[in-house]
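6 protein chains.
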Amino acid sequence: MAEKILNLGIPTGSLQKATVDLFEKAGFHITESQRGYVPEIDDDEIVLTCLRAQEMSRYVADGVLDAGITGYDWILENNSNVIEVAELAYSKATSKPTRWVLAVPNESSVTTPEDLRGGIIATELVHVTKKYFADRKIDVKVEFSWGATEVKARLVDAIVELTETGSSLRANNLRIVDTVVTSTTRFIANRQALTNEFKRAKIENIAILLTAAIAAQNRVGLKMNVQRKNLDAILKTLPAEKSPTISSLADSDYVAVVVIVEDKVERMLVPALKRAGASGIITYPLNKVIH
Amino acid sequence: MAEKILNLGIPTGSLQKATVDLFEKAGFHITESQRGYVPEIDDDEIVLTCLRAQEMSRYVADGVLDAGITGYDWILENNSNVIEVAELAYSKATSKPTRWVLAVPNESSVTTPEDLRGGIIATELVHVTKKYFADRKIDVKVEFSWGATEVKARLVDAIVELTETGSSLRANNLRIVDTVVTSTTRFIANRQALTNEFKRAKIENIAILLTAAIAAQNRVGLKMNVQRKNLDAILKTLPAEKSPTISSLADSDYVAVVVIVEDKVERMLVPALKRAGASGIITYPLNKVIH
Amino acid sequence: MAEKILNLGIPTGSLQKATVDLFEKAGFHITESQRGYVPEIDDDEIVLTCLRAQEMSRYVADGVLDAGITGYDWILENNSNVIEVAELAYSKATSKPTRWVLAVPNESSVTTPEDLRGGIIATELVHVTKKYFADRKIDVKVEFSWGATEVKARLVDAIVELTETGSSLRANNLRIVDTVVTSTTRFIANRQALTNEFKRAKIENIAILLTAAIAAQNRVGLKMNVQRKNLDAILKTLPAEKSPTISSLADSDYVAVVVIVEDKVERMLVPALKRAGASGIITYPLNKVIH
Amino acid sequence: MAEKILNLGIPTGSLQKATVDLFEKAGFHITESQRGYVPEIDDDEIVLTCLRAQEMSRYVADGVLDAGITGYDWILENNSNVIEVAELAYSKATSKPTRWVLAVPNESSVTTPEDLRGGIIATELVHVTKKYFADRKIDVKVEFSWGATEVKARLVDAIVELTETGSSLRANNLRIVDTVVTSTTRFIANRQALTNEFKRAKIENIAILLTAAIAAQNRVGLKMNVQRKNLDAILKTLPAEKSPTISSLADSDYVAVVVIVEDKVERMLVPALKRAGASGIITYPLNKVIH
Amino acid sequence: MAEKILNLGIPTGSLQKATVDLFEKAGFHITESQRGYVPEIDDDEIVLTCLRAQEMSRYVADGVLDAGITGYDWILENNSNVIEVAELAYSKATSKPTRWVLAVPNESSVTTPEDLRGGIIATELVHVTKKYFADRKIDVKVEFSWGATEVKARLVDAIVELTETGSSLRANNLRIVDTVVTSTTRFIANRQALTNEFKRAKIENIAILLTAAIAAQNRVGLKMNVQRKNLDAILKTLPAEKSPTISSLADSDYVAVVVIVEDKVERMLVPALKRAGASGIITYPLNKVIH
Amino acid sequence: MAEKILNLGIPTGSLQKATVDLFEKAGFHITESQRGYVPEIDDDEIVLTCLRAQEMSRYVADGVLDAGITGYDWILENNSNVIEVAELAYSKATSKPTRWVLAVPNESSVTTPEDLRGGIIATELVHVTKKYFADRKIDVKVEFSWGATEVKARLVDAIVELTETGSSLRANNLRIVDTVVTSTTRFIANRQALTNEFKRAKIENIAILLTAAIAAQNRVGLKMNVQRKNLDAILKTLPAEKSPTISSLADSDYVAVVVIVEDKVERMLVPALKRAGASGIITYPLNKVIH
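Chains as they are written, first to last, in the working numbering: chain R, 46 to 336; chain D, 46 to 336; chain S, 46 to 336; chain Y, 46 to 336; chain F, 46 to 336; chain B, 46 to 336.
Please note that a few of the clues may not be correct.
It does not matter which identical chain is meant; a pair holds if it fits inside one copy or across any two.
[Said to hold, decoys possible] Below are the BS3-like pairs computed for lysine-lysine, each with C-alpha atoms no more than 30 Å apart in a straight line:
#1 K49 / K70
#2 K49 / K281
#3 K49 / K309
#4 K62 / K141
#5 K141 / K175
#6 K186 / K274
#7 K268 / K309
#8 K309 / K274
#9 K309 / K62
#10 K274 / K319
#11 K281 / K309
#12 K319 / K49
#13 K141 / K49
#14 K70 / K281
#15 K141 / K176
#16 K319 / K141
#17 K62 / K268
#18 K62 / K319
#19 K186 / K175
#20 K281 / K319
#21 K62 / K49
#22 K186 / K319
#23 K175 / K268
Source of the hints: derived by calculation from the structure; they are not laboratory data.
Produce the complete structure using the sequences and hints provided.
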């Protein structure tokens, strides 16, 4: 009988640290080996492989890996036949989708994709870019760029490049013409692996834990003591979709109310609750939240 | 109708990181821009400006800013007409007041402020120092020093300089003659801004959140299970001013007791509670505490 | 009457940061002084001394220190007459015992300790090594090595050296012949000090707090709402040795269940509880756990 | 008789490392003390004091220091009565004069100094700025700014700020209206000190060495063998103002020619000399050059 | 008439710092801009562009750049029609050619390229690898790898990867099967650019200076005084191919001998010359050497 | 016939970087391996071993190493029978001898070694310390300290510890009672190795190169043109023990004078020569100087 092992790919590069941190929050400890790229995880049923996000979906589609973490952009670029198990919004800092944009120098006369007809486009995302122009029936030459594509905007007619805040584009005096594709991080699995009972359960468990860790990241537990007579008023202050846990206290005039709220809500709620008469308000950090 | 915006100043320099951390704990995320000094906060009703603590109160008094964070020393130095909304004891490390001291070289013959009559004093805090000597009717010349004032102690007769632990004074072989002023961090507001309903509420909310975050910093939640027969004894062990939350458990012989304590109390309380028969004692971190 | 002071030694070197962090978690704040080795702790009843782990037990045995933190290996090497108050498993990273191993170059013909008869052994742990060979009636010469002992494996016949992951041995192409001694960190006390009421209580309190902080390190609090009808099923899912705290909620169909679990258990438990019908599952970090 | 000591001030801050390096090249070794600001120099006749460039000229004018290094801008600001012994162009990186510019936000309507009539100007260089506007008979209020003046450009009407490359201004979206003053580094001396024979000689020697070290920084020695018949042609290739040293070789058909050239000249000269038939061309670094 | 400008490409990545350093030694100062990739050089006739070495030859072949620095491997991979002006052995550390090797896991059964028939090869150097196997009439599938190719050696059948010291291969437990190509750094030019008089001269000058700077890197000037009677003996001690410069001294019994030698020769020569009676031996560093 | 190999030990720790730098200046390139302690040198006749200075002389005396670099203090402590080939004054920073001093807390009543009769001394240098006290017929107990000995000054009666600038002693509030031994760095050899022709020559060559590199470190070459009529005056300005090299120039009124001077002399000489009428004065760095 086959050993119970899940081959899991995690991305190197800009996502690596965030991924290791996320697994830590999910309850796994990953030891990064200094040289070579064979990190260890403290779960004997998982074997990790570190790969660039660009290649991950190819190896998951081939079945070399059972599951992996990569971006939607590269799944598309590789046209990989994989199952998306979960979308992962890593952290406050990376929770916005990234965008691949068609950009030209500020001084270029190009204002629409059509203006690039017959031109040369440099990009790392060759296939997605070709499809973007083919869909619009615009004939262009798309050339592969090995990164630092911004600098080539002045050597070719336009580039398709990743942007998060736009600051790198601004620093290179580039102007966005259009968005080619937006992308977020995905937890993907091999189709065949999901038909194996052990692997499917393992993949689902990892998805539950990663999702619960992400959910906890921007939330806090909020606890307060409320006089029974004020309870209805206080409950109306809380976000409508939340169902607080109410428990009785030794002092029967009071109840304890606990609710999980997003930190952006917390900062409005705490002053409001104080004004509404709640006492002993505390908030505390969470490791995991499952709705 | 005017847009709802609060212009808020936060200090650069030694307080900057601590301030950004404190806002993070209070529930706001500040993104420091790398160049320029225009940080962003994830609250559309707040516009941040970074200024040195030395100048903050001048801009709050003028109304260029609605509110800001600075030290009591610089409010005094600038003689600024502002309202102090809250005193902020940032963290364990910076929770002690800072002191501006009158100091001389160890080998100096000066032992009292009076010995400096006719002398020259170098300091960053020119006006406060002038007032200190004027109050004592001691005639001195006070010269502005651009920082690193310790080194000038041997070029002039005395200095008035900031000290936290005294280690910089010791390293320069200086001796303290007197304390000129002690200072802590303050959250200040413009008088006019407080008459605007939106701004007053916003300022109060920020004050509540900052104060609650600071209160949580040196406190922990402590929870334990107590047999009903031991409850009175256990409760007497707790600090008198605390009102614990007591709730019943499924096992009716026991109650759960939760109390918020300072960490300096916790380290004495935990062993005592264990000896007094409490079981399942845990302590946990807090994000905010409102008494 | 004598002042109430406990003289406590903490180790410099690889354990120093971990020790300072552990005391922080236990509720004490240690300020490391930059030069000199006289750190300060925010407890007026404790005077700290920083010493290398190698020497700690000598000074505790002599009574220069009342208590200290060191490794079992060096207690043995110094043959010190001290009381072990607690074993401290610092953190995930250092929770495995360290091993002193007898090692030779890969290409050496030595495969058993007996093969070293008449040979030279270099080690920092001279007395323990001498005893190891004497117990086996193998005559060898044991030479003191000042660290970086691996490099000497090719200059002598074998070495006895510390290993955690074995990576330093591998990097030097060494092979393990035998384990000489395994060691963990210990909190030790002077025999005489334990007869003094103040010192004994102080030492016990520190032991309780350090142990509780370590216990909390790899554990989380887990809370969930459970329908009464599912309660038995859910309770069976929990680790057998745990006694969860069950409390009633305002909604009498539900109870709140709280349990402290190890993080390695948590990651299996959370998906299982979700499948078993628990709702509102959250986990949260802990500062201290006393069973 | 008075001890032979020269009190010399060197600037802290951005110039400090460059100054220490320059003295090193000049033949002096300065040991920076880690705390306190009392560096040591390996010349028993010099006592160093580190001061901010802003204050240097005040202490030299007062005679507390005999000589010092500071910027022309701050000599002007302090209106100090000192002698400028030498102008020092530290290094390639800092050899351009710095400029204090009058700047406004890009979107400001101000285009000339006159447009600021009645406005507020923030600057570190208060007196120079006041004089600039007084000379133009423009009435403005000049306020002292504690650094990071760019950020205040939006709080007041204009700023006067230091710029080297203009990148900080661009990053803050500021526009230059006018140059208020340009400045370079100066070696200054107290008038009285120059009447003392020992001090005057010492100051002159330091000036010779610093100037010779600076001259060597951007120059190289160039040596080549030239056939006597080509000598005239080769000599015409050399910069007109240079007087090469020509020496005879054992092989009487050849002479050796040595010339000191600037490195910007060297890179044009070397290929030209090679083409003109010079052989054995080498260039080598210099420590000092005295014309 | 066209402006006199040379468009010059310099490589980013591992060669960038070495290239900037080499130009510095050659007499040019390159200021790296912090963001964006438009560095400045202190020569108004050169415009720099930073590109990855992988793409350089494509842009030089197209004429977007007049000249550039890249590796022989990538000229081959891109099959670019460019002129190689000079081979550049950057420094001691990088003076060995790099090798692209065919490698497999230590435990693989593959020992010759033929064993890979029908297999999959991952590499960054796709075209060169395809040609390597085609030349040997071995049918394989070559897949593009985005770097960190070592880790994929266990996901495919073999890799073709760059190696300098072999340490990365060892760390990944890989074994070299064959060398696919060796490569050194090249200064390349566009064919058309070399027909333009200004550009050809400029390219040649840069080549002369870079080559002279590299030649100086591992050489020293050696000077000594030799008694005429010992001259022949001393000259025989010198490397045969060197032609020393001999000049007469004021003391007619002696001559001065100067010779340029490699530093590996210097360390054998200096003791030998001392023994042979040379006096006043000094060696000194060089900036440029033209043979 | 035996292979021609010299086994050479170089010290790890504080001397390691300085040693590697010194060999670099001497003409050897040492590549430090990152893990393990087997550095490589670019001379096939030398095999390096890195050892702590404390142990070096033991392995040289035993013949495991043919030669090595260590301190005089540790040769003495180990009482090793080795030959001192050369004394090495590494650099300006480390060129002063280090001192082992007997030190006590400032507040101690001890003022002479005799006051320590019957006391305990902690030190790393056990044997030298024992001999120091035995020579004075003072009975003390000397205990081995594993470093950071300063902190133990308050746990025992006195310490014997290394001091360079005294700053560590001052930081620990210690007072020097006496100097026990002073020490400099030495190049030592095994007695037997010096009887082998190859090894003796190799050791002598290394000694010549190291010594020449050290001599060059604090010296510069100085060259100037002098009118024949001024030559005698100029020559008298030069340090008496120097023999300048004088060569004739094409212009027969002038001669070129070259002299090697210490940099401390250079800084006095250059201004003096300028005043005495020398022209075209330059100084330049040296790699090696053999007198």
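Now the hints, each set against the structure:
1. K49 / K70: within (24 Å within a copy, 38 Å between copies)
2. K49 / K281: Between copies only: 25 Å across, 50 Å inside.
3. K49 / K309: Classified as between: cross-chain Cα gap 18 Å, same-chain 42 Å, threshold 30 Å.
4. K62 / K141: Intra 17 Å, inter 24 Å, cutoff 30 Å: intra and inter.
5. K141 / K175: within (25 Å within a copy, 41 Å between copies)
6. K186 / K274: neither (72 Å within a copy, 60 Å between copies)
7. K268 / K309: Answer is both; intra-copy 16 Å and inter-copy 23 Å each pass.
8. K309 / K274: within (28 Å within a copy, 36 Å between copies)
9. K309 / K62: both (25 Å within a copy, 21 Å between copies)
10. K274 / K319: within (15 Å within a copy, 34 Å between copies)
11. K281 / K309: within (18 Å within a copy, 37 Å between copies)
12. K319 / K49: Between copies, since 23 Å is at most 30 Å while 53 Å is not.
13. K141 / K49: Answer is between: at 25 Å across copies they meet the 30 Å cutoff, but 36 Å inside does not.
14. K70 / K281: Intra 33 Å, inter 26 Å, cutoff 30 Å: inter-copy only.
15. K141 / K176: Classified as within: same-chain Cα gap 24 Å, cross-chain 44 Å, threshold 30 Å.
16. K319 / K141: between (32 Å within a copy, 28 Å between copies)
17. K62 / K268: For K62 and K268, only the inter-copy Cα distance (29 Å) is at most 30 Å; the intra-copy one is 33 Å.
18. K62 / K319: Answer is between; shortest inter-copy Cα gap is 28 Å, intra-copy 39 Å.
19. K186 / K175: Classified as both: same-chain Cα gap 8 Å, cross-chain 24 Å, threshold 30 Å.
20. K281 / K319: both (14 Å within a copy, 28 Å between copies)
21. K62 / K49: within (27 Å within a copy, 38 Å between copies)
22. K186 / K319: neither (62 Å within a copy, 46 Å between copies)
23. K175 / K268: neither (54 Å within a copy, 51 Å between copies)
Hints 6, 22 and 23 from the list above are not met by this structure, while the remaining hints are.
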